[in-house]
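Position chain R relative to chain B; hints supplied.
The lines below spell out each chain.
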Amino acid sequence: MRFIGKLKRDKRAVGSIIGATFIFLILTSGIFYYVLTTALQRKYAEKASEMEEFDWERSREKIIVYRLTVTEDNKLQITLVNLGSVQVEIIWIGVFDTSTDPPTQRYYNVQVAIPPAANQTITTNAFIDPYKNYEIQIITARGNIIEYNYPIPEPWGSRAYITIDGPNTIDYNQWTTYTIHVTSVTGDPFPYVFVYCYVSGSTAKIKVGWGSSTFSYGLTDSNGERTIQIKSRTQSGEYFMLYVSAGGFLLQKIIYQEPKGG
Amino acid sequence: MRNSMLEVFRKLFRSRFVRDKHASSEIIGSLMLLLAISTAGVIIYSFSINYFSSSIDAFRVESELDSGKIQERLIITAVWYDGNVMNVTILNYGKIEWKIDQVYFDHIQVSSFVSGRGVAVGPKELISVKFTPPISIVAGNTYEIIVVTERGSKNAIYWEA
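If you're matching them up, the sequences are chains B and R in order. The opening position of the first sequence corresponds to residue 348 in the numbering used here, with each subsequent residue numbered one higher. The opening position of the second sequence corresponds to residue 22 in the numbering used here, with each subsequent residue numbered one higher.
Bound conformation, chain B alone (with noise of 0.2 Å):
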């Protein structure tokens, strides 16, 4: 009797470890399963907010053609400012000879890269005939791209001159008028021509009638002129860029906003 019940008691021992042992191996397999689904969400989430960052610094890029040229030996040469908050690296240049059908297509690879507020000059190998027309196509790491003609439309080319009146001090959160002239070089003036307006400062705006942005675009009046008002309120004062844009030109001005009280 005593040999059954001893039995009986190691039946019951040896079922529950085996049970008990089968729960752990259950239980170790749904860790290792939880585990690992979110080391792949917390990687997936980590790529998806890299690339968030990388679309929002793409959007925030800003470039545009300051001289468009030939060399000596017609090689195409491209002066780029760069306007944005962003460096740009500038990775193609297409150049695109409109004057057949189809136009014969080329992209010259260049590794250039334009820091924030900097210009950059590229010299490129894409061969030139002054008397064609080219579409010039610029493309950023990023994969922004600017095109461009070549020749730059008249009265453009090198004849165009941009001017700022307004003062280099302006006061705490006061719109101040500014007034940007767009001429020829024997001063004549150039009326309804495009023109584009940008600045630099943490907290500097431009307003032209109602609105304000950091950027501001459109026509000259019939005088050669356009007006833009800019303000600015960096409460311990801030020196910022005011750049004006025509025609493929462009002009900058330094502007010191006072501290507030100041």
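Please note that a few of the clues may not be correct.
What the hints assert, rightly or not - Keeping only pairs whose Cα atoms sit at most 25 Å apart, straight-line, the calculated DSS-like set for lysine-lysine is:
1) R:Lys-120 <-> B:Lys-390
2) R:Lys-90 <-> B:Lys-394
3) R:Lys-116 <-> B:Lys-394
4) R:Lys-145 <-> B:Lys-409
5) R:Lys-116 <-> B:Lys-409
6) R:Lys-145 <-> R:Lys-120
7) B:Lys-390 <-> R:Lys-145
8) R:Lys-145 <-> B:Lys-394
9) B:Lys-394 <-> R:Lys-175
10) R:Lys-151 <-> R:Lys-175
11) B:Lys-422 <-> B:Lys-479
12) B:Lys-409 <-> B:Lys-600
13) B:Lys-552 <-> B:Lys-607
14) B:Lys-552 <-> B:Lys-409
15) R:Lys-120 <-> R:Lys-90
16) B:Lys-422 <-> R:Lys-145
17) R:Lys-175 <-> B:Lys-390
18) B:Lys-394 <-> R:Lys-120
19) R:Lys-116 <-> B:Lys-390
20) B:Lys-390 <-> R:Lys-90
21) B:Lys-409 <-> B:Lys-578
22) R:Lys-116 <-> R:Lys-90
23) R:Lys-151 <-> R:Lys-120
These aren't lab readings, by the way, just hints derived from the structure by calculation.
Leaving out everything else, chain R in the frame of chain B:
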């Protein structure tokens, strides 16, 4: 005397045999029970392992596809047509390489590729995908061209012939 001793021995042997028979049944029963528990445990464990591994595999595949897809970026930079072959130039401005899998020309799937399809394109690289348009091109008309990668990212452009 001899007969009576034989009778006693027979009785003793019978009772012991009966006890031993009971003991064997208990052992066999216990072993059967253990076997049943073990089998059930193995079945449940195998099921759970299969479930977890298949779930992990499916999740991993889906996650890798999604992770790849969110890192893909492509943009059509140029299109030209020489009267026979359409050439679409595409820039990879994403973080990983991709391959063009499908092109839709005015919502019709392109079936006749000349080059560029299935070619791996690394970050910052350009690819020229050439194909025969599935419909006839009329000068002055505008057509929508959609390029799709193997992971399903796409970019579209409206091209005027």
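Given the proposed pairing of Lys-145 (chain R) with Lys-394 (chain B), does the C-alpha separation stay at or below 25 Å? 18 Å, holds
Proposed proximity, Lys-90 (chain R) with Lys-390 (chain B) (alpha carbon, max 25 Å): OK: Lys-390 (chain B) and Lys-90 (chain R) at ~14 Å, within 25 Å.
Would you mind confirming whether the straight-line C-alpha gap from Lys-394 (chain B) to Lys-120 (chain R) stays at or under 25 Å? It holds: about 20 Å lies between the C-alpha atoms, which stays within 25 Å.
Holds or violated: are the alpha carbons of Lys-422 (chain B) and Lys-145 (chain R) at most 25 Å from each other? 24 Å, holds
Would you mind confirming whether the straight-line C-alpha gap from Lys-390 (chain B) to Lys-145 (chain R) stays at or under 25 Å? Satisfied, since the Cα-Cα distance of roughly 24 Å is no more than 25 Å.
Mind checking the alpha carbons of Lys-145 (chain R) and Lys-120 (chain R) for me, to see if they're no more than 25 Å apart? Holds, at roughly 14 Å.
Within 25 Å, alpha carbon to alpha carbon, are Lys-151 (chain R) and Lys-120 (chain R)? With a Cα-Cα distance of about 14 Å, the restraint between Lys-151 (chain R) and Lys-120 (chain R) holds, given a limit of 25 Å.
Going straight from one Cα to the other, do Lys-422 (chain B) and Lys-479 (chain B) come out at no more than 25 Å? 13 Å, holds
Given the hint that Lys-116 (chain R) pairs with Lys-409 (chain B), does the C-alpha gap stay at or below 25 Å? 21 Å, holds
Please work out if Lys-552 (chain B) and Lys-409 (chain B) have their alpha carbons no farther apart than 25 Å. 16 Å, holds
Take a quick look at whether Lys-116 (chain R) and Lys-394 (chain B) sit within 25 Å of each other, Cα to Cα. 10 Å, holds
Going straight from one Cα to the other, do Lys-151 (chain R) and Lys-175 (chain R) come out at no more than 25 Å? 17 Å, holds
Against the hints set out earlier in the document, no violation occurs for any number.
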